[in-house]
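Colleague: As a plain string of letters, each chain reads:
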Amino acid sequence: AQSVAQPEDQVNVAEGNPLTVKCTYSVSGNPYLFWYVQYPNRGLQFLLKYITGDNLVKGSYGFEAEFNKSQTSFHLKKPSALVSDSALYFCAVRDIYSGGYQKVTFGTGTKLQVIP
Amino acid sequence: SQTIHQWPATLVQPVGSPLSLECTVEGTSNPNLYWYRQAAGRGLQLLFYSVGIGQISSEVPQNLSASRPQDRQFILSSKKLLLSDSGFYLCAWRSDPGEQYFGPGTRLTVT
Numbered sequence: 240a241q242s243v244a245q246p247e248d249q250v251n252v253a254e255g256n257p258l259t260v261k262c263t264y265s266v267s268g269n270p271y272l273f274w275y276v277q278y279p280n281r282g283l284q285f286l287l288k289y290i291t292g293d294n295l296v297k298g299s300y301g302f303e304a305e306f307n308k309s310q311t312s313f314h315l316k317k318p319s320a321l322v323s324d325s326a327l328y329f330c331a332v333r334d335i336y337s338g339g340y341q342k343v344t345f346g347t348g349t350k351l352q353v354i355p
Numbered sequence: 012s013q014t015i016h017q018w019p020a021t022l023v024q025p026v027g028s029p030l031s032l033e034c035t036v037e038g039t040s041n042p043n044l045y046w047y048r049q050a051a052g053r054g055l056q057l058l059f060y061s062v063g064i065g066q067i068s069s070e071v072p073q074n075l076s077a078s079r080p081q082d083r084q085f086i087l088s089s090k091k092l093l094l095s096d097s098g099f100y101l102c103a104w105r106s107d108p109g110e111q112y113f114g115p116g117t118r119l120t121v122t
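Note that the protein sequences, when read in sequence, are chains Z and C.
Quick note on our numbering: the first sequence kicks off at 240 and runs consecutively.
Quick note on our numbering: the second sequence kicks off at 12 and runs consecutively.
Keep in mind the hints are simulated off the structure, nothing from the lab.
Since we're looking at a predicted model, the values are computed, not measured.
Just so you know, even glycine gets a beta-carbon here, dropped at the ideal spot from N, CA and C.
It is possible that some hints are incorrect.
[Said to hold, decoys possible] With the Cβ distance kept under 7 Å, some of the chain Z side facing chain C (calculated, not the full set):
hint, residue
1, Gly282
2, Lys288
3, Arg333
4, Gly348
Can you build the whole structure from these sequences, using the hints too?
Modeller: Structure below.
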């Protein structure tokens, strides 16, 4: 079984400050990890993914995420937050051995509020 | 490039009425397709997925059904809507090795 946890329901950060949105996961094998962003009344947008290789993954809009196997974490980061980054962020995981239709499990989402 | 369409964008239906939501994908062949429901603007619930024409798997037994009559068309249906069917319905297709691309969604309100 695979699972993902986003322990923070909401994260508040001042504009210009660095931001971190936390994600931890559980899989039986090696994970594929993803981050998505959702703006109000819109579908989710893919931000970045970790498959293999460098633990630091860079994605869209200046976001990056760090894969930490020992801590089973994949935290989303950005050096300087913008007000326009305010949105709902989802972490997702897939076990590379999940086979079949390759089910992806999504976290419950973290609302990011960037304060001007 | 690939594009995913959903319609309608919003829908208000009375309890007991039928439902049909449509999703179409452009720019890719034989995509894996998914229907999700998002309640209260939060977690995603996987409803159905399809790996090909006529191949539908259900994740959660409920009042809804899905069909895939064409390679790039995925339809979500109900014969009789319940109040609990209200929500934001999202269609997605999966790229390799697993990231999904979502449509704009349909906001369904059952009254």
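Colleague: Given Z/Gly282 as an interface hint, is the shortest Cβ-Cβ distance to chain C below 7 Å?
Modeller: holds, 3 Å
Colleague: Regarding the hint that Z/Arg333 lies at the interface with chain C, is the smallest CB-CB distance below 7 Å?
Modeller: holds, 5 Å
Colleague: If you take the shortest Cβ to Cβ gap from Z/Lys288 to chain C, is it below 7 Å?
Modeller: Hint holds; Z/Lys288 Cβ to chain C Cβ min 5 Å, cut 7 Å.
Colleague: Holds or violated: Z/Gly348 as interface residue toward chain C, Cβ cutoff 7 Å?
Modeller: holds, 5 Å
Comparing the model with each numbered hint stated earlier shows that all of them hold.
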